[in-house]
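Chemist: Residues per chain are reported as follows:
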Amino acid sequence: MLGKPQLHELYYYLKLTRRVEEELARLGREGRVAGGLYLGIGQEAVGVGTAYALAAGDLLAPALRNIGALLVRGVRPFEIVAHVLGTKSGPTRGRSGALEIGDLARGLVAPIGPLAAQVAVMAGVALAAKLASRPQVALTYVGDGAIATGDFHEGLNFAAVHRLPLVVILENNHYAFGTPTSSIWGTEDLYQRAPGYGLPGMPVDGGDVLQVLQVCGVAVERARAGKGPTLIEANCLRLAGHAAGHELAGAPAGEPEPGGERDPIQRFTTFLLENKIIQIDERLAVDQRVEQLVEDAVRLAVTDGPPPPESLEAGVYQQAEA
Amino acid sequence: VAEVTYLEAIRQAMWEEMERDPRVFLLGEDIGLYGGAFKVTKGFLEKFGPERVVDTPISEEGFTGVAVGAAYMGLRPIVEFQFIDFIANAFNMITNFAAKSRYRWGAGVPLVLRGPAGAGVRGGPFHSQSPEMHFVHTPGLKVVAPATAYDAKGLLKAAIRDEDPVLYLEHKFLYRRIKEELPGEDFVVPIGKAALRRKGKDIVLITYGAMLYVALEAARALESEGIELTIIDLRSLLPLDKEMILESVRRVNKVMILHEDTRTGGLAGEIAAILAEEAFDDLDGPIVRVTAPDTPVPYAATLEDAFLPQPADVVEAARRLAAY
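Which chain is which? The protein sequence lines are P and V, in order.
Taken in order, the first sequence gives residues 244 to 565; the numbers are from the working numbering.
Taken in order, the second sequence gives residues -15 to 308; the numbers are from the working numbering.
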């Protein structure tokens, strides 16, 4: 059972994720974001809850809307803002966009543009862990769009055959780019694909961070015990378009709004307050800490400056030793 | 010392590297229990065990991705494509994931991608291709194509020890058709270095892979006519040994480029552009390409023989160039 410090920490990460993304949206409106801006507003509980289930030494590859997962894994808000702005001190020094952030020293693998490719790559990470008899777990995300790819199938099948320590989080936000999932899938329960691979598939309310954490924790321990992969379908809300400035095509009237009763952060806040797990002044203190972090991150990133054009050609190959 | 076939040289390279370095392991279709479609990995499962000789589902994109992930974790995967034509299914993983990784976030991918390439065995459109240019056009990859058993062994060892992803094209026509004695001791052939196979004063012929033997046969025929060829075997297609190419053209001022890959967008065009930019003053004639035509590789013998450059095609082109 989680203690109060952990519950406060979950609140902190949820709030931090939301505030970083809101600031990114604002920077986008100000024209400071180099390219596309893909927000996970409404899906924070998925990234935060799943990453929180991992242990130090585990490996994680984010997808498109998992800023919360990166924050939990120790990526600083400055790194994320600088990455999205494409500045010179960002984690890829202006070379990659979206959420394509990786750092093997911190157990992070960067995905590529065509999402779901990282499912097979994380199966390889899990294979290496298994071959070395290291108790590491690999975790990654796919959306309801990306699971239509062969990459998802081939990666998951390989992991299943070799009973690899892999957890795949299927974030079903009900839109693939801008197309409703109902237009591209003949089934509603996507987790039901798992039994076809001989794997457990578990549905979870992706707006409930505690449920996400609990279910993911079971999958992580199962993987660590050598019992193989799990597919978790997190049913969640996407409260923003595919990219900033996009409309949610075909969204029915009355779709939920950020801050509404279906907002995962609102839900968790209500839970904490109603159960007296957090006091109002404690909550304010966390909020203030978040504001300070975000403000510092944005200030540093905005003044960081662009990568110099002279840095363009370095590092395509390992440099010959001088 | 016994003579070793091109195929045996590939086997030896992998066997010795797996004995030398516990990080090296194999992934591919039918490579374990079955021993490989061409038996390149026969006996590996028994020697190295299923942890290091991993039979995969038929899923080129998937198992290439698995290899990328394993490489991130410090292993040295060698991926076998049953026929190199099937690498098309792994194009995304190779060109988007493996090739761009170091540049984007500093994570090198020491990975070898190998498989039987090339035509001449009536394999038809899906078992005969020369896919090199899809990958030569991808920054972050290296591409090699050995023509001799010595290079087959030495280049594969160099590829396994390289810190970047290397596409290793083994020509299936050569598997059991050529053999030579190999040194008993460990050796590598450095990636990026071409080999001078013949010296002659009239024309520099630049080629690679199985076309080396077409070039050598043509050179023997031309000798009796008094036309002497210099023959450069590139061995490495990316990076190119520009130094040897330019140095040869400074001495011998007419150039022919021969490859079994198709014409448009083939490597000959790139080499011709380099020569036009950097050796214009050394050229005494047009840069001549002898290549396959812009068609798929056909199946029937008459068609495939017409598709592949023949010694007679090289002889005829050389006569015209020599007379220029």
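One or more hints might be untrue.
[To be verified] Computed from the model, here is a short list of chain V residues facing chain P with C-beta under 7 Å:
id: 1; residue: Met57
id: 2; residue: Glu147
id: 3; residue: Asp297
id: 4; residue: Ala301
Since the hints were derived computationally from the structure, they do not count as laboratory data.
All residues carry an ideal CB built from backbone N, CA and C; glycine is no exception.
Chemist: Now tell me if each hint is right for this structure.
Modeler: Hints, one by one, checked against the model:
With 7 Å as the threshold, the beta carbon of methionine 57 of chain V comes within range of chain P, its nearest partner Cβ sitting at about 3 Å, so the hint holds. The beta carbon of glutamate 147 of chain V is positioned within 7 Å of a beta carbon in chain P (closest approach about 4 Å), and the interface hint is therefore held. Given the 7 Å rule on beta carbons, the hint for aspartate 297 of chain V is violated: about 36 Å separates it from the nearest Cβ of chain P. Given hint, alanine 301 of chain V at the interface with chain P, is violated; its Cβ is 35 Å from that chain's nearest Cβ, farther than 7 Å.
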